[in-house]
Every structure is written in C-alpha cells, then in structure tokens.
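Novice: For reference, the chains in residue letters:
There are 2 protein chains.
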Amino acid sequence: MSVLVVGSTALDSIKTPKAQHPRLLGGSASHAAVAASFFAPVKMVGIVGRDFPKRYIRLYERHGIDLAGLQVADGQTFHWAGEYEVNLNNRRTLTTELGVFETFQPVLPEGYRATPYVLLANIAPALQHHVLDQMRRPRLVVADTMDLWLNIALADLLRLLRRVDVLVLNDHEARQLTEVDNLVVAARKIHRLGPRFVIVKKGEHGAMLSGPGGWFLCPAFPLARVVDPTGAGDSFAGGLIGYLASARGGIEANLRLAMLHGAVVASFCCEGFGLTRTTKSTRSQVRERVSALRQMISLGRPVQG
Amino acid sequence: MSVLVVGSTALDSIKTPKAQHPRLLGGSASHAAVAASFFAPVKMVGIVGRDFPKRYIRLYERHGIDLAGLQVADGQTFHWAGEYEVNLNNRRTLTTELGVFETFQPVLPEGYRATPYVLLANIAPALQHHVLDQMRRPRLVVADTMDLWLNIALADLLRLLRRVDVLVLNDHEARQLTEVDNLVVAARKIHRLGPRFVIVKKGEHGAMLSGPGGWFLCPAFPLARVVDPTGAGDSFAGGLIGYLASARGGIEANLRLAMLHGAVVASFCCEGFGLTRTTKSTRSQVRERVSALRQMISLGRPVQG
Chain R
1 MSVLVVGSTA LDSIKTPKAQ HPRLLGGSAS HAAVAASFFA PVKMVGIVGR
51 DFPKRYIRLY ERHGIDLAGL QVADGQTFHW AGEYEVNLNN RRTLTTELGV
101 FETFQPVLPE GYRATPYVLL ANIAPALQHH VLDQMRRPRL VVADTMDLWL
151 NIALADLLRL LRRVDVLVLN DHEARQLTEV DNLVVAARKI HRLGPRFVIV
201 KKGEHGAMLS GPGGWFLCPA FPLARVVDPT GAGDSFAGGL IGYLASARGG
251 IEANLRLAML HGAVVASFCC EGFGLTRTTK STRSQVRERV SALRQMISLG
301 RPVQG
Chain V
1 MSVLVVGSTA LDSIKTPKAQ HPRLLGGSAS HAAVAASFFA PVKMVGIVGR
51 DFPKRYIRLY ERHGIDLAGL QVADGQTFHW AGEYEVNLNN RRTLTTELGV
101 FETFQPVLPE GYRATPYVLL ANIAPALQHH VLDQMRRPRL VVADTMDLWL
151 NIALADLLRL LRRVDVLVLN DHEARQLTEV DNLVVAARKI HRLGPRFVIV
201 KKGEHGAMLS GPGGWFLCPA FPLARVVDPT GAGDSFAGGL IGYLASARGG
251 IEANLRLAML HGAVVASFCC EGFGLTRTTK STRSQVRERV SALRQMISLG
301 RPVQG
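Protein chains in written order, with my numbering: chain R, 1 to 305; chain V, 1 to 305.
Keep in mind the hints are simulated off the structure, nothing from the lab. Since this is a predicted model, take the numbers as computed values, not measurements.
Note that identical chains are pooled: a pair holds if it fits in a single copy or bridges any two copies.
With a straight-line Cα cutoff of 30 Å, these simulated DSS-like cross-link-like pairs (lysine-lysine) come out:
#1 Lys-15 - Lys-189
#2 Lys-54 - Lys-15
#3 Lys-54 - Lys-280
#4 Lys-189 - Lys-18
#5 Lys-15 - Lys-280
The task is simple: from the sequences and hints, build the whole structure.
Specialist: Next comes the structure, spelled out in structure tokens:
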C-alpha cells in the first residue's frame, strides 16, 4: 500500500569540521519520502521555488515518488544552513530562509486523499492539520515534530496529537513537551495527550517505542564513520512507515521490525552528506543491514564466531 | 561454579539534589559481589579498616559471600564522597580518603586460587595483576577499570589487557584509552590490545558487546525513577559474571544473556542509595525483570496488548 508524506522540501547548506556542502537536497519530506520509497510507493506533498534544481526532481523520480502534490511556486526554495561541531550531536543553525514556504498551503491532489498511510513529517503543525483535514480515514497517521513548534505553535501541536496514532519525537522534545526529565514518565504523559504509540528518538543511542505491548528498545546501527546526521530522524520515520505500508498484518505486529528498518535507512543517511549515501543504497543493502541489526539484539548463538 | 571478586570495599557518602546519605556500603567489590551473589557463590578479596560497620559484614554474609579474603586492618576504611547534579549522569568527587587501601596487598586464601570465574572489579591495575598472579588457570577473567588508572597507571593497565578475556569500561574510558571518538573504531582498537570481548557501558543507554560473534547491543532497563547510579557499572559486571558462572555452555553462548542479567541488577542498584535497593531484591524479581527486558528487545508480537 502507499504512503503520503508531507513535510519540508528544502536546500540544505551543511558544514562539518571536515567539509562543507552548499544547497544539498534536504528537508524532512525529502528524507522521509526517499526512505519510505525503499519499501512502498510514495506520494509527496511539498513546495519548492523556481530555483529548485532539476536534478533533484529527477532524484525524486528515480525513487518512484509521485510528485503530483509538489507545488513549484514563484520565489526561492526553503533554505537551511547549519554547522556541526566535532561532536556531531551538536549543531547550530546559521540561516533559515523560508522562501516559498512562507505562504504554503498544501492542497492534496484528488488521487492522494485516500492514501492509507500518512506521514506528517516535521513541518508547522497547522500544515499537518491542513493535510489531515483533506484525507479520507487513513489507516495510520504518524507525525514527527521539532522543538521550534513546541516553542511557537504548542496549541496547534497539542490539538494534532489527538489525531495521531504514532508520535515520533526526540528525547529533548519529549522532555520539553512534558516538562519531565525521565523519558519513561514523559512517554506516559504523551500517551495521555493522544498517541497510542510514542517513539522517542535518541540519535546514536537508538529509539524507544512505548505502546500497548510495552516497550521496544530499538538500537541504532553502529557506524564506524558518521559523516552528516542531518535528516536521520526523518529517514527513520520514513523507513518506518514505508515498511509498515509494505507489511502484512496489523501495526502492532509490525511496528518493532518497522523501527529496525527505519534505523537502518537512518544509518545510511548518516554515512553521507544530505541524501547522497541514502540514494545510493539498494533494497538488498537495506535488507542485509536489517538482518545484521536483528542479529545484534538477538540472544541466540551467533551464526559465525 | 564460583566467582572471585576483587575490588574496592568502601564507605560512600553520596549527595544528590534530593538527599544525602553518609557512609553507605560501597566500593566496586561490594557492588559486584552482591550482584554476582544472585546467581553464583562469591568469594571476595578486599580490605576494610577497624571502623567498618559490623552490619555491613552481616550484609555480605546474608548474600552468602565468602569473606576469607577480606582483610581487616588497623586504620580507616576507604572513604569516597561524591555529589550528583540534577542530571544524574554528572557527578563530582568531593573526597577520596584511601585509608587502609594505601598499603593493600591482596593475598588470596588457598581456597580461592582455583576459582574458575574471576572479576577484577575497578581497583589499581597493579592489584588486579597481583590477584591474577595468584590464580591457577581461571576459566574466565573479566576486568573493569576507570579513568583514574588511564591517567596514572596506563602501563600497568595495558599489560593487564593482555591477560583479560572480557574488558568492561565506559564510553568515556574507551575514548580516552584509544584516543578515538567513534566507539565502533575504539572497540576494534581495544581488541588489538588483548581482550577477546569488549563491553562498552553507556549508562542509561545500555552497553555494547564486541566479540567474535559481532556486536550485541544490550539495552538498559528503562526506569521511571533513578535515585543513585553509584555502583551501577560494578553491579552490571558482577551480575554478568555471576550469571556466566551459573550457566551451562560456553562463554560465547551465554554472554548476551549474561549482559541482560547484569543490566537488570544494575537497574535495581539505581533505584536506591548505595546497595539499599539491590540487597532487597530477590532472585525472582531479577528473573522477572530479565524476562521483561528480553521482551523489550524481542520482535515477536507482544504477549499482552
């Protein structure tokens, strides 16, 4: 079954201590849509300006992403510039130029409205609402968010949580949203705000799922070299919903394995700048790494060694 | 089979933002020996002063710990005082009074020398060597250490690594020892220093095992309330070796499950000051929590929910 992804479509200029890359393809929807496309057909909703490079359109197309919902508007594409410290967990934003996003109103093509799996990737909660308002009874709604919306659009976000099945957010955001330091207690509080499933992302330390079946502690794939973590969280959410859309059986039965698939796509994302490494990955590389990651949480006697 | 534990036996004065407790039973050997005692008979090697409270001797005895190797010397028991910040990951040492530890030379009772499982808990590497020198071909040697020895006794520690099967250390120590930031690369370098198995502890984020069978990513048990993490790492190592000593089959086949047992005893440790919560735990509580933790890394459909 297919996945609808709404979020930001951006150009990212990224600086790390070792390199800098201007105007990479970025944005939460770009990362999430490419990640989901490894497993299921994807329909994207977003907006870009006239300056948006044609090669990035072709990149979406190579991943079979339906672009009927991608508006091309007069003006500049959303541009984000950020700089990472030696410890790649610390980054600061250098520039945020909203461009065409300033007046974006997502209008869903008719063919999008019955998509069963919906990922509201990180974007203003008002826009996430606006997309949901146009959907016909989706089977699953997954939402991601960021600290910015907790600061400037909390009421919209709280209203959104009542419409969401799975909320994905990072540890800092979970603490900020609940004003609780302990993540076990924070997750309990978030359930009371609406979502049946809460996934707290912890970067290189993996992600924790809280749901009716208890906790699932999903590891991150251990990498010997992290190049650029931008978009890893979006890739995780995209891989997760893509896998769910491709799997037989209910959400509960597949969500744990879906998280491993999300973690693996996120690991490819971290191995290159922007989407450069992710787009070079193949389905069979993803499958191999999922299988390796499963072995890393298995108690069974290892096959080799 | 039985476990020999050598390490520090101390009185700990611990301050957190919520409470303070003077002269608790502490030290790496105390935590590790009590943790191991849930699974196997334990022989302890250490030293205390004349001021060491009788109730703490009785506590060891209640856990069936063989104290033939515990010297009682003229002078004061090793005393450590530390203070935790609101974020319990950050602590600072207020006082370290070595007392009788200053001149400690562990002499193993004859009945200790053929113990098959040896845990060299955190203590000066010279003393760890001294204990190993007195052992007859142990089946397994596990060693823990701390940043202090990396700073002041690195040569002794490097020599020790060639005599050790399993090295347990935390993420900061792994980085300091190898001068490598990435833990995957750091573990590879540590293998080249000797140990066949390397376990990198990451506190609330669990622990990573690197060995001939690849990685095992062991989660920490998620706690809704952490009271005092002092001794959690020692409890982890003690629970791990205790479980190994109790299990049939080889080290490789049991080490992953042994880590879960260590993680569970460490979780009880964190729920009270010093050893207060650990000593109140029962074997069946440990078993239940191990079973819950297994479920939290299992991909199977949860039993309930």
